[in-house]
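**Q** Sequence:
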Amino acid sequence: MELFGLSIWIVRAFSLNFQIFERNNHANVLFCDPLWHRSTLHNFIFSDWTTAYISPATSRFLVSGSADNTMRLWDIQTGKCLYRWEFPTAVKRVTFSEDDDQVVCVTEQRMGHQGAIRVFDINRDGDGTDQSKEPLSFFNPTGSKAVVCAFAHIPSLILTGHESGKVALFDAKTGEEVLCNERAHLDVVTDLQMSTDRTYFITSSKDKTARIYDTRTLMVIKTFQTETPLNSAALAPNKPYILLGGGQDAMSVTTTSLRQGKFETRFWHKIFEEEVGRVKGHFGPVNTIAVSPKGDCYASGGEDGFVRVHHFDESYFRAKPYGDLEIEE
1 MELFGLSIWI VRAFSLNFQI FERNNHANVL FCDPLWHRST LHNFIFSDWT TAYISPATSR
61 FLVSGSADNT MRLWDIQTGK CLYRWEFPTA VKRVTFSEDD DQVVCVTEQR MGHQGAIRVF
121 DINRDGDGTD QSKEPLSFFN PTGSKAVVCA FAHIPSLILT GHESGKVALF DAKTGEEVLC
181 NERAHLDVVT DLQMSTDRTY FITSSKDKTA RIYDTRTLMV IKTFQTETPL NSAALAPNKP
241 YILLGGGQDA MSVTTTSLRQ GKFETRFWHK IFEEEVGRVK GHFGPVNTIA VSPKGDCYAS
301 GGEDGFVRVH HFDESYFRAK PYGDLEIEE
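For the record, in the sequence shown the residue sitting at position 327 is 327 according to full-length UniProt numbering, with numbers rising by one throughout.
Honestly, the hints are just simulated from the structure, not real lab data. Each hint should be verified, as a subset may be incorrect.
Keeping only pairs whose Cα atoms sit at most 30 Å apart, straight-line, the calculated BS3-like set for lysine-lysine is [said to hold, decoys possible]:
| hint | residue 1 | residue 2 |
| --- | --- | --- |
| 1 | K280 | K294 |
| 2 | K80 | K294 |
| 3 | K92 | K294 |
| 4 | K92 | K280 |
| 5 | K320 | K208 |
| 6 | K173 | K239 |
Pairwise CB distance ranges, derived in the manner of DEER restraints [said to hold, decoys possible]:
| hint | residue 1 | residue 2 | range |
| --- | --- | --- | --- |
| 7 | T174 | P237 | 30 to 36 Å |
| 8 | E176 | D130 | 28 to 34 Å |
| 9 | L179 | D130 | 31 to 37 Å |
| 10 | E163 | D127 | 37 to 43 Å |
| 11 | A319 | Q77 | 35 to 41 Å |
| 12 | E273 | R110 | 35 to 41 Å |
| 13 | E176 | T78 | 36 to 42 Å |
| 14 | A319 | E134 | 49 to 55 Å |
| 15 | E134 | S156 | 32 to 38 Å |
| 16 | L186 | R84 | 36 to 42 Å |
| 17 | K294 | G143 | 25 to 31 Å |
These numbers come from a predicted model, not from an experiment. C-beta atoms are modelled at their ideal positions from N, C-alpha and C, and glycine is treated no differently.
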């Protein structure tokens, strides 16, 4: 399935009942329900680029961050903006905690303001409009600015990816850097997605690699080397595969063929570190990839203005990724 109207990003998560979200060039957010009816949540108004994340436990809320220097909490069913937080600079990344009780956001380093990480409690009682304006914690990571973030294996730790390629763990209350891997990547970290149990995570980078790390130690477990910069990396639930997206930079797209640009979604075996397949479709760089929680489909958003939704066929589920070797669950 193909949806047109995307400006740059699709939301980085599916809801539990398989709604997906996209943002069009009129700054509205559109969604598709399980029957693929398409609607517009007209109250979703943003400026320029937008990052957003659906509450994973209940799929009740959507939190968004934008270049208009705001983070907003939305009711998914009604499209109503429940609360709005304002900051001095743009919001680069937002994400919910696993239980929907907290939100973490990264704001841009710009105009004399340091890059910052803020954690907010989310009040789920009532209609969701009674939220605190003040963050539960606020800190400025030292050194290279943070560009992506997520809650780690325990909610008291924040996992970050940085412009220098560093990944780090921060104490969510004190802002103290607990652990870091300075050379996790050789260039900016473009995406960070957690495993289902949050014991490991995957990152992508402009250094043309994706890597899987142990969340507790930040040690590299697996490395996947490609030929072009990567913008997104996702883990497939219930299967030992990862999905990578990227391609040649947008400024070079007009002089690049589809084959040379590497605009496919690329599938790699998570254990053997071998590429096992590619899915074509986009005619510009793939900017973000999200896999459904059930692992039965994925969505990709590209610079070409399309969101593509791919359902895995029977052969995907019948395949033996380990050959005749039986792996115990």
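**Q** CB of A319 to CB of Q77, is that within 35 to 41 Å?
**A** The hint (35 to 41 Å, Cβ to Cβ) holds, given that A319 and Q77 are roughly 37 Å apart.
**Q** Given the hinted pair K92 and K294, is their alpha-carbon gap at most 30 Å?
**A** The hint holds at about 28 Å.
**Q** Does K280 sit within 30 Å of K92, going by the straight-line distance between their CA atoms?
**A** Distance ~28 Å between K92 and K280 Cα, so the pair holds.
**Q** Please check whether L179 and D130 have a Cβ separation lying inside 31 to 37 Å.
**A** holds, 36 Å
**Q** For the pair K294 and G143, does the Cβ-Cβ distance stay inside 25 to 31 Å?
**A** violated, 39 Å
**Q** Check the following: the C-beta atoms of E134 and S156 are separated by a distance inside 32 to 38 Å.
**A** violated, 19 Å
**Q** Is it true that E176 and T78 lie within 36 to 42 Å of each other by Cβ?
**A** holds, 40 Å
**Q** Does K294 lie within 30 Å of K280 when you go C-alpha to C-alpha?
**A** Cα-Cα ~22 Å, so holds.
**Q** Does the hinted range 30 to 36 Å hold for T174 and P237 at CB?
**A** holds, 33 Å
**Q** Decide if the proposed pair is consistent with the structure: K320 and K208, CA atoms, cutoff 30 Å inclusive.
**A** Holds. K320 to K208 sits at ~28 Å (cutoff 30 Å).
**Q** Tell me if the straight-line CA distance from K173 to K239 falls inside 30 Å.
**A** The hint is violated at about 35 Å.
**Q** Is it true that the C-beta distance of E176 to D130 lies inside 28 to 34 Å, as the hint says?
**A** Holds, since E176 and D130 (Cβ atoms, about 31 Å apart) stay within the stated range.
When held up to the earlier numbered hints, the structure conflicts with 6, 15 and 17 and fits the remainder.
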